[in-house]
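Now that you have both chains on their own, put them together as the hints suggest.
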Amino acid sequence: MDLRETASQSAFRAEARAWLAANVPSQPLASFDTEVGFAQHREWEKRLAGGRWSAVSWPEQYGGRGADYIHWLIFEEEYYRSGAPGRVNQNGIFLLGPTIMEVGTDDQKERFLPTMASSEIVWAQAWSEPNAGSDLAGIRSKATRDGDDWILNGQKIWASRAVWADWCFGIFRTDPSAERHRGLTFILCPLDLPGVTVRPIAQLDGDTGFAEIFFDDVRVPVENTLGGVDKGWHVAMATAGFERGVSLRSPARFTEAANRLLHLWRAYGDPSDTALADAVTDAWMQAEGYRLHTYQTVTGMLEGRPIGAEASLNKIFWSEMDVRIHEIALQILGPEAERMEGPFERWVDGFLFSLSGPIYAGTNEIQRNIIADRVLQLPKGM
Amino acid sequence: MKFSFTDDQRMFAEGLRDLLTNECPPSLVRHTWENGEGHSPALWTKLGEMGVLGLLVSEADGGMGSDAVDAVLLFQELGRAAAPGPVLEHMAVGAPLVASSHPGVVDGSSIVTVHIDESPYVAHAAVADLIVTRTGIRSGFSSTDAHGIDGARRIATVEGGSTAPLADSAPLETSFDLMALATAAYLIGLGERMIEIAAEYARQREQFGKPIGSFQAVKHLMSDALLKVEFAKAPTYRAAWSLANGESTASRDASMAKALASEAAYRASRSSMQVHGGIGYTWEADLQLFMKKAWALSRAYGDATWHRRRVSSHVLAS
Numbered sequence: 001m002d003l004r005e006t007a008s009q010s011a012f013r014a015e016a017r018a019w020l021a022a023n024v025p026s027q028p029l030a031s032f033d034t035e036v037g038f039a040q041h042r043e044w045e046k047r048l049a050g051g052r053w054s055a056v057s058w059p060e061q062y063g064g065r066g067a068d069y070i071h072w073l074i075f076e077e078e079y080y081r082s083g084a085p086g087r088v089n090q091n092g093i094f095l096l097g098p099t100i101m102e103v104g105t106d107d108q109k110e111r112f113l114p115t116m117a118s119s120e121i122v123w124a125q126a127w128s129e130p131n132a133g134s135d136l137a138g139i140r141s142k143a144t145r146d147g148d149d150w151i152l153n154g155q156k157i158w159a160s161r162a163v164w165a166d167w168c169f170g171i172f173r174t175d176p177s178a179e180r181h182r183g184l185t186f187i188l189c190p191l192d193l194p195g196v197t198v199r200p201i202a203q204l205d206g207d208t209g210f211a212e213i214f215f216d217d218v219r220v221p222v223e224n225t226l227g228g229v230d231k232g233w234h235v236a237m238a239t240a241g242f243e244r245g246v247s248l249r250s251p252a253r254f255t256e257a258a259n260r261l262l263h264l265w266r267a268y269g270d271p272s273d274t275a276l277a278d279a280v281t282d283a284w285m286q287a288e289g290y291r292l293h294t295y296q297t298v299t300g301m302l303e304g305r306p307i308g309a310e311a312s313l314n315k316i317f318w319s320e321m322d323v324r325i326h327e328i329a330l331q332i333l334g335p336e337a338e339r340m341e342g343p344f345e346r347w348v349d350g351f352l353f354s355l356s357g358p359i360y361a362g363t364n365e366i367q368r369n370i371i372a373d374r375v376l377q378l379p380k381g382m
Numbered sequence: 383m384k385f386s387f388t389d390d391q392r393m394f395a396e397g398l399r400d401l402l403t404n405e406c407p408p409s410l411v412r413h414t415w416e417n418g419e420g421h422s423p424a425l426w427t428k429l430g431e432m433g434v435l436g437l438l439v440s441e442a443d444g445g446m447g448s449d450a451v452d453a454v455l456l457f458q459e460l461g462r463a464a465a466p467g468p469v470l471e472h473m474a475v476g477a478p479l480v481a482s483s484h485p486g487v488v489d490g491s492s493i494v495t496v497h498i499d500e501s502p503y504v505a506h507a508a509v510a511d512l513i514v515t516r517t518g519i520r521s522g523f524s525s526t527d528a529h530g531i532d533g534a535r536r537i538a539t540v541e542g543g544s545t546a547p548l549a550d551s552a553p554l555e556t557s558f559d560l561m562a563l564a565t566a567a568y569l570i571g572l573g574e575r576m577i578e579i580a581a582e583y584a585r586q587r588e589q590f591g592k593p594i595g596s597f598q599a600v601k602h603l604m605s606d607a608l609l610k611v612e613f614a615k616a617p618t619y620r621a622a623w624s625l626a627n628g629e630s631t632a633s634r635d636a637s638m639a640k641a642l643a644s645e646a647a648y649r650a651s652r653s654s655m656q657v658h659g660g661i662g663y664t665w666e667a668d669l670q671l672f673m674k675k676a677w678a679l680s681r682a683y684g685d686a687t688w689h690r691r692r693v694s695s696h697v698l699a700s
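Residue numbers (my numbering), protein chains in the order written: chain P, 1 to 382; chain Y, 383 to 700.
Bound-form chain Y, shown alone (with noise of 0.2 Å):
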């Protein structure tokens, strides 16, 4: 029993915060919003470079062989940066299937998505080259923009094109479950981040001659959005653990993950724009770039009550 990372997976990490920081600050997310791609190709190529997009692809396919224990951590320092484009899509579950007949999605100069769940949208079609489906790999489909709230993850409806079968066909659950376990993480990154920007505001920001932070209604505000985050954490490593080790109850847990970073994050935006006061409803100030992503992937690859009765499935029949 050992509940920890290794050096070599904590370094990794805080080596892809030191790239998110120079490489994707939130005036880079914003510019994505702003030029209405949702991506940003020079972020991408970077990620390409340091073997992010291509770390759950196997070693036989050009890739690191990776498992998700080995990304989880990575999935939460994108989130901390709010890191636009499909990243999440193509490194949990979209290259590591379609490698093996499309190597260029291991360095990133082809990009995937996916849509396995229900939804009537495809996030990020719009700069996918191919969509993983339910059936196989989409290629040469047309995207029309669905106007998504979060400009970094334009959301389209697809039409047209042809799907070829999935070489290596890994059960559809396992694929929902590593893009549930990957969005988990990413949000956890995003609530921290979000907890972290409103201290420092709080810290700043002066009303009745005092730092708003000195304020006990502040304090407990943040206080209980962190604990929500910090116990998060717990439950979504181990599902990534029970991922990468095929155990019987890995599709519990990344729904009790997934359950839970949703919630989690969604309460570190309301309290991390409440202690902004009017700046935090305003389009200028950046908190609205975590924010939204934040919303747009609490609900996707299932919210926290389908995944919360996901878990139920598991533990109230027995």
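The shape of chain P in the complex, shown without the other chains (with noise of 0.2 Å):
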């Protein structure tokens, strides 16, 4: 155990540092659910490849640095301390992304990552359906076979971005006599074809960060199937492991928010709150611990001990630490966390967003689930 960091990897940290502070915007974006904001978050992203930054941890042939998860870690740190805009490709760049290097043809990592590094092309995620959320196996979308195509139909919901995206990656029953699981096909799909309809819908802050997508008679080349016909169940949990596990939410936005909960409670908290400043602590914590505790697994990663279900524990933990973080922010801020605009907009905007974490990407309680049956063995059912 050695928690200091090499002299490479302070060096890569100093190398991201200065190009970040060179290159951050000085004035904040638009909300990337937002028809402006998406065009700016995308000239973004092209500022973050051109620099080689947009995918650290991809090999350098597809954009990235061959950055290890540790270097992954410390970029990110460095991304977050920074003040640099979210990212509006991470349904791309951290899920699915990983999954194609894993899974996918030369031809597909050849034709999709260098695109998606760039941002060129921005992903959305089409997996839910209205009656297909926490039991996702329940899909009903089809994909048909027609020679060297298939034929697409059906209805998508809550997919992130998918508003103003160019791509989707959903997940489609190519055997309709298979049952739940079995018999699903993980398909890679352009959102201008004809037939393909989105729908924004309005989230709770108003923005349409996510839509719906209806697929009528949608043509796409079969080699749009990303890891085999029918393999689409394996392939979405391969993602979603990813998802859940360390890539959609390093530690560093967290720590970042921690320590911005800290400046807010020294400017503005009651000292002789004792109860509220044991919280402040606590939220502190809770971001240091999940640092750390991500600082663990990836280093078991890099020693060749994967993550498996213990990926749900992540999930739940940075989904309820992060309304935890913002909760109590609010609670400093008294009357002014009514706000909807000023000083503290971030806060209030922050607070709706955690709110949906403990429900997407599996909801806390399927995580729950998941945990309850794989890492402790207890008998499956409900």
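No lab work stands behind these hints: they were computed from the structure.
We put the beta carbon where it would ideally sit given N, CA and C, even for glycine.
No false leads were mixed into what you were given.
Partial pick of chain Y residues on the chain P-facing surface, computed with a CB cut under 7 Å: (1) Val451; (2) Leu609; (3) Trp623.
The following block contains the structure:
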């Protein structure tokens, strides 16, 4: 065990910090869940990619730096510390990208990864359906084979970024006779094809961050299949493992939020309110604990101990911590916490966004079931 | 940056687990309660032979010269077994501090406990030859049992004897931090074990024609308990590293570990008891041996609130 950075890790940190200091926009961008903000964020992603910072853990040939997980965590720390914009293509870069690298063909890697790293193509996730949310295996959207094409029909919902994204990655039922998680296929589909209708849904904050996607006889070539026909569940679970486990929510954003909470407490907290002081410290400890836990996890991955069902523990932990950090901030703010605009807007917005965490990427109740079944080895059932 | 244990460290911990599985089953822990000793001389001898008791004693004083990172998984294993007697106090603080003048502590033929906090009671005084106090090494004392909740951690008031100065005057704060760290790791082991016991019970016990572990209310209770235990581990291992390396954050890190581990073990005790239903409220169930240890240790050497406020003093002000 050695928790000090190596010289090369420190040099990498310094390089990232210097680049970000010189390149992060001085004014905050508009929300990427607005049309203007989406375009601004795509430009930012292109700039990041120009410095080869958009996908640091990817191989160099696809636009990355071949950085190991520790370097990736260091980059994330510097990224959030710098106040850089949110990642509009995170569903692509952090979820789909690693999945393509794991199960994609060489041709698919060449075709999809470089344009993903540069955000020339921004990706939306199209998994949930009106009747397949927590019960994801209940997917009904179909892909029917017609020569060298799939014909897609059905409806997806809660597709983040889909309003302005270019492509989506979805799961479709390809074997109508198969039940549940068998007979599903992972298919990549442009969102501007004939037959695709995207209907924006206003989120809790009023922005259209997600959408419904309707597929009416949409024709895509079979080479857009990722990971094999009828293998979609397996591929999706690989993606979900990354998503819940490590990549989607690196500790840096919570460390940064906890540090902002400390500043807020110092500026506006009432030192005689010991209960609230305890809560602030507890939030800091949660964020610090998550950071340490993640370094331990990635060291294990580097030493050949892959993350399994414990990924579900991470997902519960970070999502509940994020809510807690924001609840405490609003408590410190008192009457100001009622305002949607003004100097504390970010805390109120952040609170609303944090409330999605326990729901998306598999509700926390589903994660608790997974932990109980796979880690604690409790019997299946409801 | 490498946040993992070496193969040697893991293998030593596995070896200790094997020893404790054989030599420290719940029946032994219960025996130490029922015979009133709160300590097992036979187990103690075995731990001495394995080198566990003198692990942190310097090589110059005849010990293994290991550090807190080497020891932390062992503390955790001792907790999994709810090992009775002054094992934490002796290993973490007592033996390293007194070994130069009392070499018998290395193999455990002399037993040393510690009293470096504000408690009016001294844990394990009845079975200890020596007490490390804030002023030195106390010996020749008499003790009066105060009837602690944990029969394998007898607490007592102490009278008489004399106190000799410590040869090696390590800062008191470091000793306290080591005690907090050792207790945190032990609490994590207790938490893990209680959850395993409850999971096993939930697999066997049937109601409504099904194992109760198949019900979501039970699954979620246990998953949440596991979450707290799992997320107390990395902070505890980090605290071990900070102490072993004399980091400036060592006190903060030890307090963070003790706060999180105390709460995690307490939560594990409550959830595990609830899963057991009525059996959980009986003297016969072995769960009580682990729960009561957790309740005692979650308060010993600073409870969660005390340690959280110590963290506050480091992070809120600056």
